[in-house]
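A.B. asks: According to the numbering used here, the sequence shown is numbered sequentially starting from 2.
It is worth saying that the hints were derived from the structure and are not from the lab.
Everything hinted at is true.
As a list, the in silico SDA-like pairs of lysine to any residue whose alpha-carbon atoms are at most 25 Å apart: (1) Lys174 to Asp145; (2) Lys56 to Ser309; (3) Lys292 to Asn57; (4) Lys170 to Leu259; (5) Lys47 to Glu299; (6) Lys174 to Ala235; (7) Lys222 to Ile152; (8) Lys174 to Met240; (9) Lys343 to Glu42.
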Amino acid sequence: MRANIKAILLTLIICSVFLCGCNKKPSKTIIKFASWGSQSETDILKPLIKDYENKNSNIKIEFMHIPQNYFQKIHLLFASNTAPDIIFINNLYLPVYANAGLLEEIDYEQSDFYPQALDALSYKGKLYAVPRDVSNLVIFYNKDLFDKKHIPYPKTNWDFNDFLNTAQKLTDKKVFGISFEEDPLFYLPYLMSNGGGILPNEIKSSKSQQSINFYADLRKKYHVAPLKSESASATMGQMFIQEKLGMYLSGRWMVPKLREEADFNWDITQFPKGTTGSIVQLDASGWAISKSSKHKKEAKEFVKYLSSKESIDKIAKSGLIIPARKDSAQIITDEKTPQHSKIFLDIIATSKPTPVTVDYREILDNLKKEMESKFN
2 MRANIKAILL
12 TLIICSVFLC
22 GCNKKPSKTI
32 IKFASWGSQS
42 ETDILKPLIK
52 DYENKNSNIK
62 IEFMHIPQNY
72 FQKIHLLFAS
82 NTAPDIIFIN
92 NLYLPVYANA
102 GLLEEIDYEQ
112 SDFYPQALDA
122 LSYKGKLYAV
132 PRDVSNLVIF
142 YNKDLFDKKH
152 IPYPKTNWDF
162 NDFLNTAQKL
172 TDKKVFGISF
182 EEDPLFYLPY
192 LMSNGGGILP
202 NEIKSSKSQQ
212 SINFYADLRK
222 KYHVAPLKSE
232 SASATMGQMF
242 IQEKLGMYLS
252 GRWMVPKLRE
262 EADFNWDITQ
272 FPKGTTGSIV
282 QLDASGWAIS
292 KSSKHKKEAK
302 EFVKYLSSKE
312 SIDKIAKSGL
322 IIPARKDSAQ
332 IITDEKTPQH
342 SKIFLDIIAT
352 SKPTPVTVDY
362 REILDNLKKE
372 MESKFN
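Please model the entire structure based on the sequences and the hints provided.
C.D. replies: Okay, here's the thing in structure tokens:
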């Protein structure tokens, strides 16, 4: 009898252990993913993350949204050996991390992407991030102002003389012809289109200096661009929306805002031609994997999902980005606003990646100080 009781008890213990084991949830692999981005960007990203987690029950994506001082905080994370597995990065900062050996070299199918995007996110011939988007600059213009003043819309083959002439015709007591920003991002096209550049070995050349002078003269000589005192605290984007600018040099990121807030008809055209053509810089953003990641395989799978046509299509439809995937470009071509959205794609062929060096941020800081008096 006792033997039977012992057997029954032993059976119950074994069953209870087995059942406890069955109820215990398997542990998940946590992938830390850092990115900057506006509310509209995160509103797109979060459903993508949720969808991936639903399809991969063993994976948990820990999204680290860093909306401000992004790279300062990424620096600190690397310095403290707590870097995320996946880092959203752009070509302006990538060389710093790649040179320091902090990023994993990417072995990825590259034929789906624009070669310029791959070049921008490579360092010393090696790819360190899978491209999400490319970024270039175009001229946004207020069609209603052009119509009111009986000025022909800019043609795609216009040159610097046409550009200046148009800006002068647009300018009156209430409206400036063209935007003016002191960040090198916005005057580099003036230099590149005339064969110049902003790196130390380029900025001193006569081509660069002539282009800098032309840009400064838009504000100081021709008065077709606002002085600091005339724009006050308003950004150039705000002035364009307020119809205080006839033309505005900016990027794809302005499209959603203009669609929502502009109470006038607007369109885009390419930057005017200089002596070497119409050349704007091409920047790119994408997903890099930390070399110190303990979950590289899982991180690569998530990056593969994020960079798929399905995911990129969802991001591109927002109007925020120019997709780096060639097979997602049709989304931009099919847009109705702006009417000539295809220009964003057309100018990729003539755009050039920003010539970035490891000390690029220091170069920009020095350049801003040097140009302060030149522009003011």
